[in-house]
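Those protein sequences? They're chains W and F, same order as listed. Note that the numbering used here has the first sequence beginning at 4, numbered continuously upward. Note that the numbering used here has the second sequence beginning at 100, numbered continuously upward.
Simulated from the structure, these hints should not be mistaken for laboratory data. We put the beta carbon where it would ideally sit given N, CA and C, even for glycine. Don't take each hint at face value.
[Unchecked claim] Cross-link-like lysine-lysine pairs, in silico, DSSO-like; alpha carbons within 27 angstroms at most:
(1) Lys-198(F) - Lys-138(W)
(2) Lys-102(W) - Lys-109(F)
(3) Lys-120(F) - Lys-163(W)
(4) Lys-123(F) - Lys-139(W)
[To be verified] Examples of chain F residues toward chain W, derived with CB under 8 angstroms:
(5) Arg-111
(6) Glu-112
(7) Leu-113
(8) Asn-116
(9) Thr-118
(10) Lys-120
(11) Val-124
(12) Lys-127
(13) Gly-132
(14) Leu-196
(15) Lys-198
(16) Ile-200
(17) Tyr-201
(18) Ala-372
(19) Glu-373
[What the hints assert, rightly or not] Pair ranges (Cβ atoms, derived):
(20) Ala-143(W) - Ser-129(F): 34 to 40 angstroms
(21) Ser-209(W) - Glu-112(F): 25 to 31 angstroms
(22) Arg-243(W) - Ser-129(F): 34 to 40 angstroms
(23) Met-310(F) - Ala-143(W): 49 to 55 angstroms
(24) Ala-282(F) - His-104(W): 50 to 56 angstroms
(25) Ser-209(W) - Gly-132(F): 41 to 47 angstroms
(26) Ile-101(F) - Pro-119(W): 35 to 41 angstroms
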Amino acid sequence: METLVKGGELIKSGKPDPAVEVIGVSKCFRLYHDYNVNLKEKLINWRKRGYDLFWALDDINLTIHRGETLGMIGPNGSGKSTLLRMMTRIMKPNKGEIKVHGKIAALLDLGAGFHPDLTGRENIYLNASILGFSKKEVDAIFDEIVEFSELGPFIDNQVKNYSSGMYVRLGFSVAINVDPEILLIDEVLAVGDESFQAKCLERIYSLQRSGKTIVLVTHNSDLAAQISDRVLWLEYGKIRKLGDPWEVVSEYHEAMSIQPKEEESGTQDIFIREVDVLDKAGNPSHSFQTNEPLVVRVHYEAQRPIDHPIFGLSFYDHQGLMVYGTNTQLRGYDISLAEGRGRVDFSIPNLTMLDGRYFISVDIRSRDGETLYHSLDKTRHFDVKSSGRDIGYLSLDCDISWMEE
Amino acid sequence: MIENFRELLKSRELLFNLTRKEVKVKYKNSVLGFFWSLIYPLIMLMVFYVAFGVIFKVRGEGMNYYAFFLMCGILPWNFFSQSLTMAASSIVRDGALVKKIYFPREVLPLSQIGSNSFNFVLQVLVLVAFMIFFRIPLSYWIFAFPLVLFLEVVFIAGLSLFLSALNVYFRDVQYFTELLLIAWFWMTPIVYPFTFITQRLPIWGQKLYLMNPMAHIILLYQYILYNPRVNAQAAFQDVELISWKSVTAVAVGSLILLMLSYLYFIRQEGRFAEFI
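Using the sequences and the hints, build the whole thing.
Written out as structure tokens, the structure is:
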């Protein structure tokens, strides 16, 4: 994460040099009750106001520094894209002002600007021209664009013959290779296959290194935390929090997942009475440090004697991705017969996860795995905080040595 | 407004590129390609020639080369009507672009005018070539063509900017424009000579008729291209063909229209992305 540190230092040491100033900006949309406004209806109902006002943004003040990468997160409808659009001047604020210092380009879904009957080459020039770049400027980077898009042999074919993937790659390549001082990115990193995404990220890192200002809107808050110098959390058109990426993002995760969706299923011949999450002292706890011990205690009750039940445990992150999973059978532990009440402890001597909120699922199955007796999905959660600044899921011991050769 | 205009000037390369795209794309997948832009007015010419030249005999007495007279009106009219219909719906048609990327929105309607004027100039060149081939006496006024073209472009731009912006809020505009153009066509001296009006309408009717700026513009084209003083001497004997007063009025009026609708356009363009 060299770039992150570099970018971060750049801001700390640099003089205040704003790239974008958002001063008291509010934006109001009219939500029409029925968007059937034709002239006739307008004339008939000319006194009646056929819409409600909706404040998408409410008095936003924000300064984005030169060379900084700002991530914008927030639930749907929080005003992220609206703010971005106003920075590009696609929309105008109702109140306030946005000052942009430098050439700005937005990285939106650019396939929009393509004409299907023109070739890839012609579309590159046209698209760049719409973004405000001259033929000369495009000439200089044309080969780069083509190479980035991986469309080499097809560049002189009409784009209507392109696959949708090729279409998107070409659009993205144009926008990311032209050379704006300020780049706005709206949720386009989810585009293309994985290798193309990786390439795009790589390109964003290199833009960061070359000192470009980047504003990134995304629903992938982890990505935002990963590549941003600061993260802005918008909610209901207001700034909820702005600052250190991991702080904002972890608080965002907490707020977004206060009530985990718990799901229950199974025959309940044997059922889970209670799940406890215990710390090293054996007390119920919700927050742990990385590398601390943790015990998940599953209390069960069997309605009838059950032969060789299998108890399973898994951890999920806030996105529903399984971080870890195991069960008694996999661990070679056999519970010969479950009668009445009992409990199973899953003891983890050291949690090797990094910061985040993790959800616990437990289940009980028959020995052959065919019957699901009882499953509690995401029934409990715990938070992990690490002392270091590493990022990702796992805490690994990483020793660094250095020598000159 | 001055700032917007400066920005538009900066975007002239974009305007040029979009114009070229329109020209390129228009007949891209047709076999006859660019020839369609010649065939279309030719077919119109045949229809009107048969209907009005042969059947109804509206051509004035003492009017030679009626076919060329027709062409001198049809071509600039087609330029006008096609530019206007294409431009009026241009912002909405390229809505996906307007919603996603910022650029001076004027270039969308203006590029439609640009590509149509390209076609128009080529058509006129072909027409003049034919007139030379058939040894039709031309007048030196023909060199005033760029000026008249400029006047028409100003008038079209004035209407287009207003209509294209209004069309964002009321899609009725684009349909209304098409209808309006049909009526407008017959209120303009294209298939019949202007003398029909002076002979058959009372003075107040003539005055009303001449409120139509397109009438003046078409008369100008006929004057410089068709050379009526030679080719239709008898027909236009008693008519004042060009009055500098009215030409000036049309020019000044068109400029004012252009400025007003540009102002309207600028005031509205910040809201386009919300309404498309």
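For each hint, the structure was consulted:
Under the criterion of a C-alpha separation no larger than 27 angstroms, the hint pairing Lys-198(F) with Lys-138(W) is consistent with the structure, at around 24 angstroms. For the hint pairing Lys-102(W) with Lys-109(F), the CA-to-CA distance comes to about 20 angstroms; that is within 27 angstroms, so the pair holds. Annotation: proposed proximity of Lys-120(F) to Lys-163(W) holds, straight-line Cα distance about 15 angstroms (limit 27 angstroms). Of the supplied pair hints, the one linking Lys-123(F) and Lys-139(W) holds, its CA atoms being roughly 21 angstroms apart against a limit of 27 angstroms.
Taking 8 angstroms as the C-beta contact cut-off toward chain W, the hint placing Arg-111(F) at the interface is violated, the least distance being around 10 angstroms. A least Cβ separation of about 6 angstroms between Glu-112(F) and chain W falls short of the 8 angstroms threshold, and the interface hint therefore holds. Interface hint at Leu-113(F): satisfied, since its Cβ lies 5 angstroms from the closest Cβ of chain W, which is below the 8 angstroms cut-off. Below 8 angstroms, beta-carbon pairs count as interface contacts, and Asn-116(F) has one with chain W at about 5 angstroms; its hint therefore holds.
With 8 angstroms as the threshold, the beta carbon of Thr-118(F) stays out of range of chain W, its nearest partner Cβ sitting at about 11 angstroms, so the hint is violated. Restraint check, Lys-120(F) versus chain W: the minimum CB separation of about 6 angstroms is within 8 angstroms; hint holds. Interface restraint check: Val-124(F) against chain W, minimum CB-CB distance 5 angstroms, threshold 8 angstroms, status holds. Taking 8 angstroms as the C-beta contact cut-off toward chain W, the hint placing Lys-127(F) at the interface holds, the least distance being around 4 angstroms.
Interface hint status for Gly-132(F): violated, as the beta-carbon distance to the closest one in chain W is roughly 12 angstroms, over 8 angstroms. Given the 8 angstroms rule on beta carbons, the hint for Leu-196(F) holds: about 5 angstroms separates it from the nearest Cβ of chain W. Evaluation of the Lys-198(F) hint against chain W yields a held restraint, the C-beta minimum of about 7 angstroms falling below 8 angstroms. Interface restraint check for Ile-200(F): the shortest CB-CB distance to chain W comes to about 6 angstroms, inside 8 angstroms, so the restraint holds.
Taking 8 angstroms as the C-beta cut-off, the interface hint given for Tyr-201(F) holds, the closest approach to chain W being about 4 angstroms. Proximity of Ala-372(F) to chain W holds as hinted, the smallest CB-CB distance being about 5 angstroms (cut-off 8 angstroms). Restraint check, Glu-373(F) versus chain W: the minimum CB separation of about 6 angstroms is within 8 angstroms; hint holds. Ala-143(W) and Ser-129(F) have their C-beta atoms about 36 angstroms apart, which keeps the hinted 34 to 40 angstroms range intact.
A C-beta distance of roughly 28 angstroms is found between Ser-209(W) and Glu-112(F), which places it inside the suggested range of 25 to 31 angstroms. For Arg-243(W) paired with Ser-129(F), a C-beta distance near 56 angstroms fails the hint of 34 to 40 angstroms. For Met-310(F) and Ala-143(W), the hinted distance range of 49 to 55 angstroms is satisfied, since their beta carbons lie about 54 angstroms from each other. Between Ala-282(F) and His-104(W) the beta carbon distance is about 52 angstroms. The supplied range of 50 to 56 angstroms therefore holds.
Distance hint for Ser-209(W) and Gly-132(F): a CB-CB separation of about 44 angstroms, consistent with the stated range 41 to 47 angstroms. In this structure the supplied range 35 to 41 angstroms holds for Ile-101(F) paired with Pro-119(W), their Cβ-Cβ distance being about 38 angstroms.
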